[in-house]
Amino acid sequence: MPDTQTADETKQGLTVCDLSFRYGSKTALDAISFEVAPGRFCALLGPNGAGKSTLVALLTHLLVAPEGDIRIAGHDLRQHPRRALADLGVVFQQPTLDLSLTVRQNMAYFAALHGLPRRQTQARIDAALDRLGMGERAGEKVRALNGGHRRRMELARALLHEPKVLLLDEPTVGLDAAARQSITDHVHDLANQGLCVLWATHLTDEVRDADQMLVLHRGQILATGQTGDLRGDRTLSDWFLTQTEVPT
Amino acid sequence: MNGFWGAARAIMGREFLRFIHQRERFIAALVRPMVWLLIFAAGFRAALGLSIIPPYQTYITYETYIVPGLCAMVLLFNGMQSSLSLVYDREMGSMRLLLTSPFPRWWLLFCRLLGSTAISILQVYTFLALAGFFGITMPPLGYVTVLPGLVLGGLMLGALGLVLSSFIKQLENFAGVMNFVIFPMFFLSSALYPLWKMAESSPLLRDICALNPFTHVVELIRFLLYLQINWIALLWVVIWTILLCAAAVWGYDPARGLMKRKT
Numbered sequence: 001m002p003d004t005q006t007a008d009e010t011k012q013g014l015t016v017c018d019l020s021f022r023y024g025s026k027t028a029l030d031a032i033s034f035e036v037a038p039g040r041f042c043a044l045l046g047p048n049g050a051g052k053s054t055l056v057a058l059l060t061h062l063l064v065a066p067e068g069d070i071r072i073a074g075h076d077l078r079q080h081p082r083r084a085l086a087d088l089g090v091v092f093q094q095p096t097l098d099l100s101l102t103v104r105q106n107m108a109y110f111a112a113l114h115g116l117p118r119r120q121t122q123a124r125i126d127a128a129l130d131r132l133g134m135g136e137r138a139g140e141k142v143r144a145l146n147g148g149h150r151r152r153m154e155l156a157r158a159l160l161h162e163p164k165v166l167l168l169d170e171p172t173v174g175l176d177a178a179a180r181q182s183i184t185d186h187v188h189d190l191a192n193q194g195l196c197v198l199w200a201t202h203l204t205d206e207v208r209d210a211d212q213m214l215v216l217h218r219g220q221i222l223a224t225g226q227t228g229d230l231r232g233d234r235t236l237s238d239w240f241l242t243q244t245e246v247p248t
Numbered sequence: 001m002n003g004f005w006g007a008a009r010a011i012m013g014r015e016f017l018r019f020i021h022q023r024e025r026f027i028a029a030l031v032r033p034m035v036w037l038l039i040f041a042a043g044f045r046a047a048l049g050l051s052i053i054p055p056y057q058t059y060i061t062y063e064t065y066i067v068p069g070l071c072a073m074v075l076l077f078n079g080m081q082s083s084l085s086l087v088y089d090r091e092m093g094s095m096r097l098l099l100t101s102p103f104p105r106w107w108l109l110f111c112r113l114l115g116s117t118a119i120s121i122l123q124v125y126t127f128l129a130l131a132g133f134f135g136i137t138m139p140p141l142g143y144v145t146v147l148p149g150l151v152l153g154g155l156m157l158g159a160l161g162l163v164l165s166s167f168i169k170q171l172e173n174f175a176g177v178m179n180f181v182i183f184p185m186f187f188l189s190s191a192l193y194p195l196w197k198m199a200e201s202s203p204l205l206r207d208i209c210a211l212n213p214f215t216h217v218v219e220l221i222r223f224l225l226y227l228q229i230n231w232i233a234l235l236w237v238v239i240w241t242i243l244l245c246a247a248a249v250w251g252y253d254p255a256r257g258l259m260k261r262k263t
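Those protein sequence lines, which keep their order, are chains A and B. The first sequence runs 1 to 248 under my numbering. The second sequence runs 1 to 263 under my numbering.
Hints in this document: simulated from the structure, not taken from any laboratory. A couple of the hints might just be wrong.
[To be verified] Label-pair ranges, simulated between beta-carbon atoms:
no., chain 1, residue 1, chain 2, residue 2, range
1, B, 173, A, 232, 32 to 40 Å
2, B, 175, A, 173, 29 to 37 Å
3, A, 147, B, 45, 54 to 62 Å
4, A, 147, B, 207, 51 to 59 Å
5, A, 26, B, 167, 42 to 50 Å
6, A, 48, B, 32, 51 to 59 Å
7, B, 231, A, 23, 32 to 40 Å
[Stated by the list, open to error] Some chain B residues flagged as far from chain A (calculated, every beta-carbon gap over 12 Å):
no., residue
8, 36
9, 59
10, 148
11, 184
12, 202
These numbers were taken from a predicted model, which means no experiment stands behind them. All residues carry an ideal CB built from backbone N, CA and C; glycine is no exception.
My request is simple: use the sequences and hints to build the entire structure.
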C-alpha cells in the first residue's frame with residue numbers, strides 16, 4: 001500500500017516522460033523523463049542553452065512536443081490541456097505584466113483568464129497579495145513598482161487560482177540579493193505546504209540540500225536526485241561546473 | 001459558460017483600457033481619414049468625375065463617394081494596429097499569459113478579435129460624426145444599418161491582423177506590413193475610385209481590385225449606408241472572415257502553427 005500511495009501522490013504532481021523536441025534539425029530536448037511529487041521543491045539546474053526555456057514552453061503548452069508525455073496534477077497535457085493548465089501556476093522568466101494597469105487590474109485580468117468567478121476574485125486577490133506583503137500596493141500602477149515587487153506580484157498572481165503545480169523560470173533574474181532571498185524562501189515554504197514546485201535556474205545558491213534537483217545539459221538530464229546527496233562534500237557550484245563543463 | 005464570458009469581458013476590457021491609455025492612437029485614427037476626406041478629396045473632386053452607380057440614386061460629390069472607403073480604412077488600420085500590439089505583447093511576454101489560459105485558444109483569439117473590432121467601430125462612428133459635422137452625411141437610418149457591415153469588416157480585417165502577427169517575428173518587421181499589405185489593399189480597391197474608373201486605365205488592375213477582399217468590405221459598407229445589401233460583397237467578406245479566422249487559429253496552434261518558431 002505505501003508504494004501505491006506514493007505513486008498516486010506523484011501523479012498529483014508533475015510527470016514528464018520521454019519528452020523530446022527539435023527546432024528543425026537541432027535537438028533541444030532528447031527523451032527526458034522526471035517526476036516531481038507534491039510537497040517537493042525541484043530545482044531544474046542548467047547552464048544557458050541547456051533546454052530549460054524549451055522545457056518551460058512545453059510544460060506551459062506554448063509548444064507541443066511530437067514525442068513524449070506531460071502530466072500536470074494527473075492531467076495529460078496533450079489530451080486535456082484545459083484541465084492541466086487550470087492546475088498549473090507559472091512565473092515566466094520574462095515579465096508578463098501590463099505596466100499601464102494597476103496591480104489589482106493585472107490580477108483581475110489573470111483571474112478572468114482562469115475562469116475564476118467574479119464574486120471570489122477580489123477576496124482572492126487581497127489574500128494572495130497579503131501573503132506576499134503586497135496588499136498596500138494593490139492600487140498602484142505596475143510601472144511604479146520596483147523589480148522585486150513586480151516579481152512578488154507575478155508570484156502572487158500565479159497562485160491566485162490555487163494551482164497544484166507551480167513552475168518558475170529563472171524568477172530571480174535581475175533582482176537584488178534581498179529580493180532573491182525573499183522569493184526563494186517563500187517558494188520553499190509553499191513547497192513545504194504541499195505545492196509541487198519546479199524552479200528553473202542557473203544560480204546554484206538558490207538550491208538547498210533537501211531540494212530535489214535535475215541537471216539539464218544540452219537537452220539531456222545529466223543528473224537527478226537530492227541536492228545534498230549529489231554534491232557530496234563539494235559546493236554545489238563546483239559540482240555543477242564539473243558536471244556541465246565543456247571538454248577542451 | 002460564465003467563465004467563458006468572464007474571460008471575454010476581461011480580454012475586451014483590457015483592449016479598451018489600452019485604447020483609452022493611448023490617446024494618440026485615437027487621434028491618429030481620426031486624423032488619417034479626415035485628412036483624406038477634407039484635403040485629398042477636395043483636390044480630387046475636380047479631377048475625378050463620377051457617374052451614377054449603385055447604391056447612389058443621383059450624382060454625388062467625391063467626398064460622399066469616399067466615406068465608405070475611409071470607414072473601411074479605419075477598420076484596416078485598426079486591424080493592423082491590433083496586429084502590431086499582438087507582436088508587441090509577444091515581445092514583451094504578456095502574450096504568454098493569454099496563451100497559457102486554460103480556455104481554448106480559438107476562444108481567446110476570438111475575444112481579442114471582438115475587442116479590436118469594437119474599438120474599430122467606435123472609431124468609425126466618431127469619424128462619421130466628424131464627417132457629418134463637415135456636411136457629409138448619409139441617410140439617417142444608414143448609420144444603423146451599416147453596423148453589421150462594420151462588425152463583419154472589422155472581424156475580417158482584425159483576423160487578417162491576427163494572421164500577420166503570427167507571421168511577423170519582430171516589431172521591426174512591421175514596416176513591411178505597411179508596404180506590402182496596407183497600401184496595396186487600400187489602393188487596389190474601390191475605396192478611392194470606382195472599379196469602372198479603374199478599368200478605363202487598366203482592366204488588369206480592375207480585376208485585381210475586384211478580387212481584393214478589402215474592396216468587398218468597402219462595397220458592403222457603401223451599400224449598407226444606403227440601406228441596401230450587396231450580396232456578392234457580403235458573401236465575399238463572410239468567406240474571407242472564415243478563412244482568415246481559421247488561418248489565425250492555425251497560426252497560433254502550438255503544435256502546427258508558426259508560433260513554434262518563436263515562443
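Hint check results:
1. B/173 <-> A/232: 32 to 40 Å: For residue 173 of chain B and residue 232 of chain A the Cβ distance comes to about 51 Å; the hint is violated.
2. B/175 <-> A/173: 29 to 37 Å: Given range 29 to 37 Å: holds, Cβ gap about 31 Å.
3. A/147 <-> B/45: 54 to 62 Å: The hinted range 54 to 62 Å holds for residue 147 of chain A and residue 45 of chain B, with Cβ atoms some 58 Å apart.
4. A/147 <-> B/207: 51 to 59 Å: holds (57 Å)
5. A/26 <-> B/167: 42 to 50 Å: violated (22 Å)
6. A/48 <-> B/32: 51 to 59 Å: violated (45 Å)
7. B/231 <-> A/23: 32 to 40 Å: Roughly 47 Å apart at Cβ, these two residues miss the hinted range, so it is violated.
8. 36: About 30 Å separates residue 36 of chain B from the closest Cβ of chain A, which puts it past 12 Å; holds.
9. 59: With a cut-off of 12 Å, residue 59 of chain B remains clear of chain A, as the shortest Cβ separation is near 49 Å.
10. 148: Answer for residue 148 of chain B: holds, closest chain A Cβ roughly 28 Å.
11. 184: For residue 184 of chain B, whose nearest Cβ neighbour in chain A is about 32 Å away, the distance exceeds 12 Å, so it holds.
12. 202: It holds; residue 202 of chain B is separated from chain A by about 43 Å at its closest Cβ, greater than 12 Å.
Going down the numbered hints, you'll see the structure goes against 1, 5, 6, 7, while the others check out.
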